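Construct the entire structure; sequences and hints are all you get.
Number of protein chains: 2
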Amino acid sequence: MLGEAVRIAVDAMGGDRAPQDVVSGCLAALDAYPDVRILLVGRPEAVEPCLAGRDDERLRLVPAREVVGMDESPAQALRKKKDSSIAVCAGLLRKGDVSAVVSAGNTGAVVAAAMFAARLLPGVHRPGIAVTFPTTEERPVVLCDAGANIHCKPDHYAQYAIMAAAYAEDVLGVARPRVALLNIGTEEGKGGSGLRAVREHLEAVSARGLFRFVGAVEANHVFEGEADVVVCDGFTGNMVLKAAEGASRAVVEYLAAFAARGDHDDRARQALTEALERLQTFTHYAEYGGAPLLGIDGCAIIAHGRSDARALQNAVRVARDFALRRVNEHIATRIGAAQDEAVET
Amino acid sequence: MLGEAVRIAVDAMGGDRAPQDVVSGCLAALDAYPDVRILLVGRPEAVEPCLAGRDDERLRLVPAREVVGMDESPAQALRKKKDSSIAVCAGLLRKGDVSAVVSAGNTGAVVAAAMFAARLLPGVHRPGIAVTFPTTEERPVVLCDAGANIHCKPDHYAQYAIMAAAYAEDVLGVARPRVALLNIGTEEGKGGSGLRAVREHLEAVSARGLFRFVGAVEANHVFEGEADVVVCDGFTGNMVLKAAEGASRAVVEYLAAFAARGDHDDRARQALTEALERLQTFTHYAEYGGAPLLGIDGCAIIAHGRSDARALQNAVRVARDFALRRVNEHIATRIGAAQDEAVET
Numbered sequence: 000m001l002g003e004a005v006r007i008a009v010d011a012m013g014g015d016r017a018p019q020d021v022v023s024g025c026l027a028a029l030d031a032y033p034d035v036r037i038l039l040v041g042r043p044e045a046v047e048p049c050l051a052g053r054d055d056e057r058l059r060l061v062p063a064r065e066v067v068g069m070d071e072s073p074a075q076a077l078r079k080k081k082d083s084s085i086a087v088c089a090g091l092l093r094k095g096d097v098s099a100v101v102s103a104g105n106t107g108a109v110v111a112a113a114m115f116a117a118r119l120l121p122g123v124h125r126p127g128i129a130v131t132f133p134t135t136e137e138r139p140v141v142l143c144d145a146g147a148n149i150h151c152k153p154d155h156y157a158q159y160a161i162m163a164a165a166y167a168e169d170v171l172g173v174a175r176p177r178v179a180l181l182n183i184g185t186e187e188g189k190g191g192s193g194l195r196a197v198r199e200h201l202e203a204v205s206a207r208g209l210f211r212f213v214g215a216v217e218a219n220h221v222f223e224g225e226a227d228v229v230v231c232d233g234f235t236g237n238m239v240l241k242a243a244e245g246a247s248r249a250v251v252e253y254l255a256a257f258a259a260r261g262d263h264d265d266r267a268r269q270a271l272t273e274a275l276e277r278l279q280t281f282t283h284y285a286e287y288g289g290a291p292l293l294g295i296d297g298c299a300i301i302a303h304g305r306s307d308a309r310a311l312q313n314a315v316r317v318a319r320d321f322a323l324r325r326v327n328e329h330i331a332t333r334i335g336a337a338q339d340e341a342v343e344t
Numbered sequence: 000m001l002g003e004a005v006r007i008a009v010d011a012m013g014g015d016r017a018p019q020d021v022v023s024g025c026l027a028a029l030d031a032y033p034d035v036r037i038l039l040v041g042r043p044e045a046v047e048p049c050l051a052g053r054d055d056e057r058l059r060l061v062p063a064r065e066v067v068g069m070d071e072s073p074a075q076a077l078r079k080k081k082d083s084s085i086a087v088c089a090g091l092l093r094k095g096d097v098s099a100v101v102s103a104g105n106t107g108a109v110v111a112a113a114m115f116a117a118r119l120l121p122g123v124h125r126p127g128i129a130v131t132f133p134t135t136e137e138r139p140v141v142l143c144d145a146g147a148n149i150h151c152k153p154d155h156y157a158q159y160a161i162m163a164a165a166y167a168e169d170v171l172g173v174a175r176p177r178v179a180l181l182n183i184g185t186e187e188g189k190g191g192s193g194l195r196a197v198r199e200h201l202e203a204v205s206a207r208g209l210f211r212f213v214g215a216v217e218a219n220h221v222f223e224g225e226a227d228v229v230v231c232d233g234f235t236g237n238m239v240l241k242a243a244e245g246a247s248r249a250v251v252e253y254l255a256a257f258a259a260r261g262d263h264d265d266r267a268r269q270a271l272t273e274a275l276e277r278l279q280t281f282t283h284y285a286e287y288g289g290a291p292l293l294g295i296d297g298c299a300i301i302a303h304g305r306s307d308a309r310a311l312q313n314a315v316r317v318a319r320d321f322a323l324r325r326v327n328e329h330i331a332t333r334i335g336a337a338q339d340e341a342v343e344t
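For the protein sequence lines, the chains are F and G, in the order given.
Every letter in the first sequence is one number past the one before it in numbering that gives the first Met the number 0, and letter 53, counting from 1, is 52.
Every letter in the second sequence is one number past the one before it in numbering that gives the first Met the number 0, and letter 234, counting from 1, is 233.
Hints were generated in silico from the structure; no laboratory data involved.
Every value quoted in this text rests on a predicted model; they were computed, and no experiment measured them.
Worth double-checking, as some hints may not be accurate.
One copy or two, it doesn't matter: identical chains are merged, so the pair holds either way.
As the list claims (entries may be wrong) - PhoX-like cross-link-like pairs, simulated, lysine-lysine; straight-line CA separation at most 25 Å:
{"#": "1", "residue 1": "LYS152", "residue 2": "LYS189"}
{"#": "2", "residue 1": "LYS189", "residue 2": "LYS79"}
{"#": "3", "residue 1": "LYS81", "residue 2": "LYS189"}
{"#": "4", "residue 1": "LYS80", "residue 2": "LYS189"}
{"#": "5", "residue 1": "LYS79", "residue 2": "LYS94"}
{"#": "6", "residue 1": "LYS94", "residue 2": "LYS81"}
Structure (structure tokens):
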């Protein structure tokens, strides 16, 4: 009716607020996006009560008996729990029953399952997790890789630049994204010989018009809107992601403690509560809806473990946009163009 | 009169708010700590007007004609600007005229000048910058190294653990500090073979009673009070420091924009303004007063470039406590004990 439908498998058991918030987020997504079909994967006895009697032909429950815990070792968990919600979601992706998977569960397990289920796009060496942060400017910033690939060679960074720039353009609507290399300083020699080689490679690929490289940024600049895409190895990206989360959560908790003090009058308390709610939204990254694993021939969206219903709804939206706007075709074309002239590094 | 006096050289020209806030911070420190003597180093024509006519026998102005810019290359700047305030401060330390140096200027230049001015303590392989953060718990956390030493061997981490634990005990008053290794996960195999070797080495040195190792923490846990001392290489530590700063600054700016909206009544605006001031204090780390460069035979305190008068006063206090409480003797004893049995790694 409304053009192409997008089929998305959602891990109903993943995340701190599963299954209720996951299910609520899916129901809201069905209302908001008429072209979405959702396969809700999890233990029927846990998921069904969350549906509140909703009967929608665009929603199907797919049973999975097991759940991968947030702190389980991903490799072991996937080996032992063949019928976990994450494994079943990945299976649906592998069989082509869905074009995207969304999970707020164990990140390592989602990445491993998605990589098992979907091949890499032609020419891609390593997948990368692209996390979107708010900045002090109007537009968000995409950081890639946030933890899929700990040690990176120069060409991995260049591919992250290509892939994350395509994502920023197609899904976040950023025109001609400025790509920067994360470093501990902006001068040429910073970060040692390894990062110097990375910088030179990024400059060379950028010169061929495959993305717009603007030099190095430091980790604080990531949040100041100095670039639209920031590339780094997965170890560093994971550190930046978690440090940013931990520090901003500490700030919000500090404000919450202040707001909870008994000596505010009603107007003051109301203003502080509103401020707190806004900050929580700002720092929960809920508006950005999760991080795609870029580079696979499919779409896997890793939602935050703390995702609430709105975050989950947004993750479904990102999965939908990723599929409808053909981000992977865009990526494959550019990776191919880069390879035509590339020297393997 | 009041026992031993501590002589401290303060870089009057360093930092975004120099010289006025630096001078004001020094004057406040002289009022607060009767045992402190300050040598204020900088351009006399810039510094003198900031003194507001204060004449104190415990304060002396030491002229330095040049200033190292915040964004200058440290090595080049120190080579060219022999009469910069940072170089003159370091010269006073080298000659033994002062027992500590405080600067809110170019961090790289302060580190390089301090390492040139003071030898390493016996047995120390590499100095490390120890940064103190607030946490969501009552007590702060010390992260070392925050950027002095980009690539680290296992024994460098163990020495950071020893040095930062001594600092946490002696200056921050933390009894039996819990030392953790920063990693991207808490399981044994995380972070690759390099960090596995580091972990094993930390466990071995900890088993000999030289500090209390509690395992790995992720970057978000740093801000949740899960450890008192967190060790990492300088590249990673610098990323975590700057990501935390950038993210918390983004949160505070977001709140400031909300507070500045025109539709709050007086009580609401007053509450929001107070909340904002408290958050700025919390996130500026002013209370913690700057980061010592641990491992040198002397004391260099790197204050934040944004330091205001209070932060500067606190940096002077940290320098004073560092000297009076003989942190370096404590460090040297433990490093010696570690070396007695150590296998060079």
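Hints and how they fare:
no.	hint	in the structure
1	LYS152 to LYS189	both (17 Å within a copy, 19 Å between copies)
2	LYS189 to LYS79	between (44 Å within a copy, 20 Å between copies)
3	LYS81 to LYS189	between (46 Å within a copy, 23 Å between copies)
4	LYS80 to LYS189	between (45 Å within a copy, 21 Å between copies)
5	LYS79 to LYS94	within (21 Å within a copy, 66 Å between copies)
6	LYS94 to LYS81	within (16 Å within a copy, 69 Å between copies)
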